[in-house]
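This is what each chain is made of:
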Amino acid sequence: MMPPTPTAAPVPRPTFQLDDHQVPFTPGQTVIQAALAAGIYIPHLCHHPDFAPHGSCKVCTCRINGRMATSCTFPAAEGLQVESEAPEVQALRRDLVQFLFTEGNHFCPSCEQSGDCKLQAVAYDLGLLTGHYNPLFPDRPVDASHSDVLLDTNRCILCELCVRASATMDGKSIFALSGRGITKHLVVNAESGRLGDTILAVTDKAMSVCPVGALIRKRQGFRVPIGQRTYDAAPIREIAVQGAATAPGTGGQTP
Amino acid sequence: MSNLEKAENPAGLRRVAIEPVSRVEGHGKVTLLLDEQNRVHQVRLHIVEFRGFERFIQGRPYWEVPVMVQRLCGICPVSHHLAAAKALDVVVGADRLTPTAVKIRRLMHYGQILQSHALHFYHLSSPDLLFGFDADPAVRNVVGVLQAQPDLARQGILLRKFGQEVIRMTAGKRVHGTGAIPGGVNKSLSLAERDELRAAMPDVLRWAASGVDLVADLHARNHLVYDRFGTVRSNLLSLVGRDGSLELYDGVLRARDADGAILVDGVEASDYTRLLRENVRSWSYMKFPYLQSLGPDDGWYKVGPLARIQNCDFISTPLAEAARQAFRDRAGGAIVHAPLAFHWARLIELLHAAEVIDGMLDDPDLLGSNLTTAGPRRTQGVGIIEAPRGTLIHHYVVDSQDLVTLCNLIVSTTHNNQAMNEAIRQVAREYFDGREITEGLLNHIEVAIRAYDPCLSCATHALGKMPLQVELYDAQGQLLDRKVRDGEHLG
Chain B
1 MMPPTPTAAP VPRPTFQLDD HQVPFTPGQT VIQAALAAGI YIPHLCHHPD FAPHGSCKVC
61 TCRINGRMAT SCTFPAAEGL QVESEAPEVQ ALRRDLVQFL FTEGNHFCPS CEQSGDCKLQ
121 AVAYDLGLLT GHYNPLFPDR PVDASHSDVL LDTNRCILCE LCVRASATMD GKSIFALSGR
181 GITKHLVVNA ESGRLGDTIL AVTDKAMSVC PVGALIRKRQ GFRVPIGQRT YDAAPIREIA
241 VQGAATAPGT GGQTP
Chain G
1 MSNLEKAENP AGLRRVAIEP VSRVEGHGKV TLLLDEQNRV HQVRLHIVEF RGFERFIQGR
61 PYWEVPVMVQ RLCGICPVSH HLAAAKALDV VVGADRLTPT AVKIRRLMHY GQILQSHALH
121 FYHLSSPDLL FGFDADPAVR NVVGVLQAQP DLARQGILLR KFGQEVIRMT AGKRVHGTGA
181 IPGGVNKSLS LAERDELRAA MPDVLRWAAS GVDLVADLHA RNHLVYDRFG TVRSNLLSLV
241 GRDGSLELYD GVLRARDADG AILVDGVEAS DYTRLLRENV RSWSYMKFPY LQSLGPDDGW
301 YKVGPLARIQ NCDFISTPLA EAARQAFRDR AGGAIVHAPL AFHWARLIEL LHAAEVIDGM
361 LDDPDLLGSN LTTAGPRRTQ GVGIIEAPRG TLIHHYVVDS QDLVTLCNLI VSTTHNNQAM
421 NEAIRQVARE YFDGREITEG LLNHIEVAIR AYDPCLSCAT HALGKMPLQV ELYDAQGQLL
481 DRKVRDGEHL G
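Chains B and G, in that order, give the protein sequences. Going letter by letter, the first sequence gives residues 1 to 255 in our numbering. Going letter by letter, the second sequence gives residues 1 to 491 in our numbering.
These aren't lab readings, by the way, just hints derived from the structure by calculation. Some clues are possibly wrong.
Calculated pairs, SDA-like style, for lysine to any residue (alpha carbon to alpha carbon, straight line, at most 25 Å) [said to hold, decoys possible]:
id, chain 1, residue 1, chain 2, residue 2
1, B, Lys218, G, Val382
2, B, Lys205, G, Asp402
3, B, Lys218, G, Arg96
4, G, Lys173, B, Phe107
5, G, Lys173, B, Ala233
6, B, Lys184, B, His132
7, B, Lys218, G, Arg377
8, G, Lys173, B, Asp232
9, B, Lys218, G, Asn370
10, G, Lys161, B, Gln228
11, B, Lys218, G, Phe53
12, G, Lys173, B, Asp125
13, B, Lys172, B, Ile199
14, G, Lys173, B, Leu126
15, B, Lys184, B, Arg164
16, G, Lys173, B, Cys108
17, B, Lys218, G, Thr372
18, B, Lys218, G, Phe56
19, G, Lys173, B, Gly131
20, B, Lys218, G, Gly375
21, B, Lys218, G, Thr98
22, B, Lys218, G, Leu403
23, G, Lys173, B, Arg229
24, G, Lys6, G, Glu471
Being a predicted model, the structure only gives us computed values, none of them experimental.
Kindly produce the complete structure, drawing on both the sequences and the hints.
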């Protein structure tokens, strides 16, 4: 896709090299922000234009000036050499996404988020056919205590988008991560530990940012027929840059 | 003669444990026990099918269930999809679905009946019937049918394709779609889709009618075998319409005895636990359901096409009704119990499904946009549907947080468990010819089992090879011979 036409840029913008493209950027942008704005997709999960760079999922890793680095936290700079589509980089991303499938319980065939799920879409983009590694099948809870919201931590990938949305945009700080390493998990801000005892509302921003099917509205599953789901129309590689290029930072859930 | 289910003196017999094969389409295993004169003492069809679904649906949100539970099967997932949706309609208080929702679901279901019946007859069973049970296995398969009778094979393939297209248009995918949701459906037909189906109808109706003629002719020419092979008398169970018609999507339960007298009638889905009980035997994962009023010894029954077309009073579509009357008249009005008559009954239903679809396509409700409804929540629901293979029961209990706490599934193959066991005992009595297990014996057993269209035959879709294991023991329990056939798995 061609970069958008500059509106008023008498002075040429600085650029960096991203695979075969010269990508213009505005100082202060990260590599992924500049790439997406230029219509070039870099796979990512925890990155969201409405939130500060986070760098936790590592799926946006690129080789930048010869070293692996997360493009969502790496400031764009003149003359950077960024490799995103190199086979070694893609293989690394594939491993990371396979780990996510392996560590959780992701059963796309019966998941209501199938077709709308960013994890699934990224997996397709990376050419994943299986989880490859032996699944851990962790025993994770389903919290259905909230009248309108289901929290299925089987599908949580610990991206902290709900944590960030609830803290910075909803002003409620309902979610947090607890534990370390493989035991790290999502917790909610209630003495009982139950979502139903928090002040979460179904209209909260936190409800619209989950990239998987962990935090979902109840009783809505499968209401959108196959063919009309987000990634039925086009792969994430196309949809993500449409969203970022046309309406960066406008809020709402990016695909 | 012993009933062959359990040898009178099994002491010393060694039980060989077979690892259950975890494919939910199922694998079959047949064991035979012989005495020193090589007489048959015990015959068992073991279906090593592990019904984990009832457990792992517990704790899941109810709206996920119709999509999840259809993964039980790759051949008739629509049946599970719709049975679950019907049960959950009750839970969400959708007592009367919108006209569009009911009709889209019925269309989906009759498309499913049509494609599954076509698959079973043309792809799986016709090689036995056209070439003979003892024919060379190299010929006795669907490729052989394609070579010997290309038009017939083509009709079978295209009939199935049509049914799958109906499913795709109503459920979003040909296999494992999402069309039915608790309280309704998520899509209706577009005008283009409706017209595409309509354009195909003349061929579909013609092929379906010629299929009935073919089977009727096979019966007429081979009646000595067809009327006798593996025959076991039993009760019959199916849904019927409230007017007594053949009804596959929604109705009331009716049971007849082996002579055709009605035992119970008008039983609502929600009362199934009063009608049926399930018996457990140590040697099979599959339960043995029975009519509780008759008890486990006498209360077992057949389900599926043969039960349905003899349980109903009439069929609502003219061509299928004429075929039903011809079927009935040939037996002089007596109830037919021969397993091979399943094929005839199945093709009468295939024709009925084609006629039902044809009759629906002009209905503007299929194009409607009022898709769902809801009412007061309930804690449980039962959905019963006539799947291609027979009566399918789904029962769910849902808690106040929307999670499923109990799931009970009684699938068609389970209902036919005793009848299939009895059928292969009959076949073994008649055809078993000594210690050596011949390919012919293997296939005779298969033919009897396959007539019931059990779910385990799903796995034979490719080349007519049912994954089947036959073990031969002597009276001391020593394994004399074992033959294993591995089928292909349908994902």
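Checked hints:
For the hint pairing lysine 218(B) with valine 382(G), the CA-to-CA distance comes to about 22 Å; that is within 25 Å, so the pair holds. A threshold of 25 Å between alpha carbons decides the hint, and for lysine 205(B) with aspartate 402(G) the separation of about 23 Å falls inside it, so the pair holds. Under the criterion of a C-alpha separation no larger than 25 Å, the hint pairing lysine 218(B) with arginine 96(G) is consistent with the structure, at around 22 Å. Restraint check: the Cα-Cα separation between lysine 173(G) and phenylalanine 107(B) comes to about 18 Å, which is no more than 25 Å; the hinted pair holds.
Distance restraint check for lysine 173(G) and alanine 233(B): the Cα-Cα separation of roughly 15 Å lies within the 25 Å cut-off, and the hinted pair is therefore satisfied. This hinted pair checks out: lysine 184(B) and histidine 132(B) have alpha carbons roughly 22 Å apart, not beyond 25 Å. Restraint check for lysine 218(B) and arginine 377(G): the C-alpha separation of about 14 Å stays at or below 25 Å, so the hint holds. For the hint pairing lysine 173(G) with aspartate 232(B), the CA-to-CA distance comes to about 12 Å; that is within 25 Å, so the pair holds.
Restraint check for lysine 218(B) and asparagine 370(G): satisfied, since their Cα atoms lie roughly 21 Å apart, inside the 25 Å limit. Between lysine 161(G) and glutamine 228(B) the alpha-carbon distance is near 24 Å, which keeps this suggested pair within the 25 Å criterion. The suggested pairing of lysine 218(B) with phenylalanine 53(G) holds, with an alpha-carbon distance near 22 Å, which does not exceed 25 Å. A hinted pair counts as satisfied when its Cα atoms are at most 25 Å apart, and lysine 173(G) with aspartate 125(B) qualifies at roughly 21 Å.
With a C-alpha separation of about 8 Å, the suggested pairing of lysine 172(B) with isoleucine 199(B) holds against the 25 Å cut-off. The straight-line distance between the Cα atoms of lysine 173(G) and leucine 126(B) is roughly 24 Å, inside the 25 Å bound, and the hint therefore holds. Under the criterion of a C-alpha separation no larger than 25 Å, the hint pairing lysine 184(B) with arginine 164(B) is consistent with the structure, at around 17 Å. A hinted pair counts as satisfied when its Cα atoms are at most 25 Å apart, and lysine 173(G) with cysteine 108(B) qualifies at roughly 15 Å.
With a C-alpha separation of about 16 Å, the suggested pair lysine 218(B) and threonine 372(G) falls inside the 25 Å cut-off, and the hint holds. Restraint check: the Cα-Cα separation between lysine 218(B) and phenylalanine 56(G) comes to about 19 Å, which is no more than 25 Å; the hinted pair holds. Pair hint lysine 173(G) plus glycine 131(B) holds up; C-alpha atoms about 24 Å apart against a cutoff of 25 Å. Restraint check for lysine 218(B) and glycine 375(G): satisfied, since their Cα atoms lie roughly 16 Å apart, inside the 25 Å limit.
Distance restraint check for lysine 218(B) and threonine 98(G): the Cα-Cα separation of roughly 22 Å lies within the 25 Å cut-off, and the hinted pair is therefore satisfied. Distance restraint check for lysine 218(B) and leucine 403(G): the Cα-Cα separation of roughly 11 Å lies within the 25 Å cut-off, and the hinted pair is therefore satisfied. Note on lysine 173(G) and arginine 229(B): the hinted pairing holds, with a Cα-Cα distance of about 13 Å set against a maximum of 25 Å. Straight-line distance between C-alpha atoms of lysine 6(G) and glutamate 471(G) comes to about 15 Å, which keeps the hinted pair within the 25 Å bound.
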